[in-house]
Structures are given as structure tokens and as C-alpha cells.
Amino acid sequence: MRKASSAVWKKLKPEVNASENILVKNSFDVDGGNFDTAGTVSTRIKSILKEQGLPSDVVRRSAIVSYEAEINVVSYAKRGVINLTVTPAAVEIAVNDEGPGIPDIEKAMQQGYSTASQQIREMGFGAGMGLYNIKSYSDRFDISSEVDKGTFLKMIILIQKP
Amino acid sequence: METGMIARELNLKVMSGADKNNNATGGYTGDLLSDVMANAREGDIWITRQVHQNIVAVATLKDLAAIVLVNSCEPARDTLEKAMKENVVIMVSSQPAFELSGRIFNLLNSSK
Ligand SMILES: Nc1ncnc2c1ncn2[C@@H]1O[C@H](COP(=O)(O)OP(=O)(O)OP(=O)(O)O)[C@@H](O)[C@H]1O
Ligand SMILES: [Mg+2]
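From first to last, the protein sequence lines are chains A and B. Every number in our numbering is 1136 more than the matching position in the first sequence, counting from 1. Every number in our numbering is 125 more than the matching position in the second sequence, counting from 1.
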């Protein structure tokens, strides 16, 4: 049995047009289960955004959302890809993983809900805050998932507020 | 206040980044990485008992001034190697988190 579900949180209007004037386009692989390299993609993304001279608030929020998404791929999925796109208007971070998927997105979004294993909790993960943090630090957050296939996230952080 | 000064005042063992002397402007205490990601601020000293190498990425991503491990917890070997490579200050205290947080809080306030 497969179940597909999705949700969108929009705090911004009008829609960001991602096809305009692309300044950065990069793709990074994330290795599921490998906590030794966990966080390296987000660290790389942060330094790329800093090099672009983006406002510190944009860099800060992008680092938080990409880290939480990256750690979730490492914690729960087999593998994933993180795509970074920067335009003059926004930073877009899209994460696609192959993994178990999320059966109940609404529940997973709640603070404190976690299925993290004991081993993962011992490293300081599993507070059930990651997805909630992603939602609160991005200007737009889309999430969709299919059980036994994988999960897709897209976060947008605005550079110039409309 | 500079991290080197805090180390001297509170008898902390400096494990990495001894030459860094970052300016600490505040502090945050916690062992849940997502909590620290969400709530610590740039320039904070992070007081924790987590020793796994994931703490280095958190410190780098959040521009934290230093990590202080409590209860004499030693950083894992991988953690130390990574911290040296990424220039992250890690220090160790023999005190528990409650006491150390209080002392750092007072120290930072008295230097204002
Ligand atoms: N990419 C994913 N694939 C499968 N399940 C996921 C994925 N991301 C999140 N989940 C599920 O959603 C739950 C909540 O995720 P969230 O990131 O909010 O918290 P956590 O990872 O459990 O803890 P924290 O992020 O605070 O360390 C997870 O415990 C897991 O069950
Ligand atoms: Mg998480």
C-alpha cells in the first residue's frame, strides 16, 4: 500500500519566479546513514551563499533549513540530492530522497514527534524539531512524500522582501 | 569577551582552536542539535555534553564562538580532527552544565 501526501506553507506573495537570472545552480549528493559526513553539504552551501555576498540573515536561515533537511536524509533515507538555486530574488533549496517516505506529514511536522532510533538520539538528534524549524525559517516550504519511495522538500528564502 | 580569556578565567582545557580567540557575545546550553540550530545566536558559546563530530558542523553553520563540553567529556577523535580542520574552538570543563552556564553568564555580564 502506498500513500502519497503533501503540504505547502506560504508566507509570501507573489510567487517567486525561479527561472529568472540564475546566479548559482548546484547539486549535492547526500549519503543516507553516514553521520561522519553529515552536515558537509550544508556547510558547503553556506560558504557558497556567503561568497555571493548575500545578507547574513539569508545565509543564516538557509544554513538552518539545509542542515535540518540534510540530517533528515542521513537519518531516515537511503540517499538524497540537494539542489541549490540562487537568483537575485531568492535562495531555493530542494531536497529529493529515496527512502521510506513520511506516512503522515501533518504528524511529522509537529514539534516533538520523532521516530529517530536510539543510536540517532544519542548523537543529539531526534527532538522532533527539524521539520518545524524548516517551516519557521523559510518563506515558503513545500513537502510531499510517498511511502516506500521517498520525500521531496522545497524551501525558499527571499533575498528581497516583496 | 574573548574565548581565550574565558578559558583562563574558568579553567577550561582548550582542545582545538587555541589561537582563535573568538569574541563570545552570549551563550546557549543544550544537547539537542535542532534546538541549538534554531535558538543559538551567532557569537554564542555553546555548552553541551555532546561529543560526536556533528557538533562541529553546528558550530560552523551557526558561527558559534566556541563549544564547551561539560563534566570533563572529551571530544571524540573524529570531532577533534574536524574541529582543527574547520577552525572551531572546543574547550572542556570539569563542571556540570548548570554551574558552567551560570559562571559564563556572570562572566559575560560583568565584562559588559
Ligand atoms: N526525509 C525523511 N524520510 C523519512 N522520514 C522522515 C524524513 N524527514 C523526516 N521524517 C520523519 O519525520 C519525523 C520528524 O522529523 P523532524 O526532522 O521534524 O524531527 P527528527 O528528525 O525526528 O528530530 P530532529 O530533527 O529534531 O533532530 C522524523 O522522526 C521521521 O519520522
Ligand atoms: Mg530531523
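Bear in mind the hints are in silico, worked out from the structure with no lab data behind them. Quick caveat: nothing in here was measured; it's all calculated off a predicted structure. Heads up, the beta-carbon is just placed ideally off N, CA and C, and yes, glycines get one too. One or more of the hints may lead you astray.
Computed spacing ranges between beta-carbons, pair by pair [unchecked claim]:
| hint | chain 1 | residue 1 | chain 2 | residue 2 | range |
| --- | --- | --- | --- | --- | --- |
| 1 | B | GLY151 | A | GLY1189 | 23 to 33 Å |
| 2 | B | LYS138 | A | SER1141 | 13 to 23 Å |
| 3 | B | ARG166 | A | LYS1161 | 23 to 33 Å |
| 4 | B | ASN136 | A | LYS1285 | 24 to 34 Å |
| 5 | A | GLN1254 | B | GLU199 | 18 to 28 Å |
Is 23 to 33 Å a correct range for the gap between the Cβ atoms of GLY151(B) and GLY1189(A)?
holds, 26 Å
Verdict for ARG166(B), LYS1161(A) (Cβ pair) under range 23 to 33 Å:
holds, 31 Å
Lying within 24 to 34 Å: is that true of the beta-carbon distance ASN136(B) to LYS1285(A)?
Violated - the Cβ-Cβ distance for ASN136(B) and LYS1285(A), about 54 Å, lies outside 24 to 34 Å.
With 13 to 23 Å as the target window, see if LYS138(B) and SER1141(A) comply at their CB atoms.
Cβ of LYS138(B) to Cβ of SER1141(A): about 50 Å, so the range 13 to 23 Å is violated.
Satisfaction of the hinted span 18 to 28 Å by the C-beta atoms belonging to GLN1254(A) and GLU199(B)
holds, 22 Å
The structure fails hints 2 and 4 (numbered hints given earlier, in ascending order).
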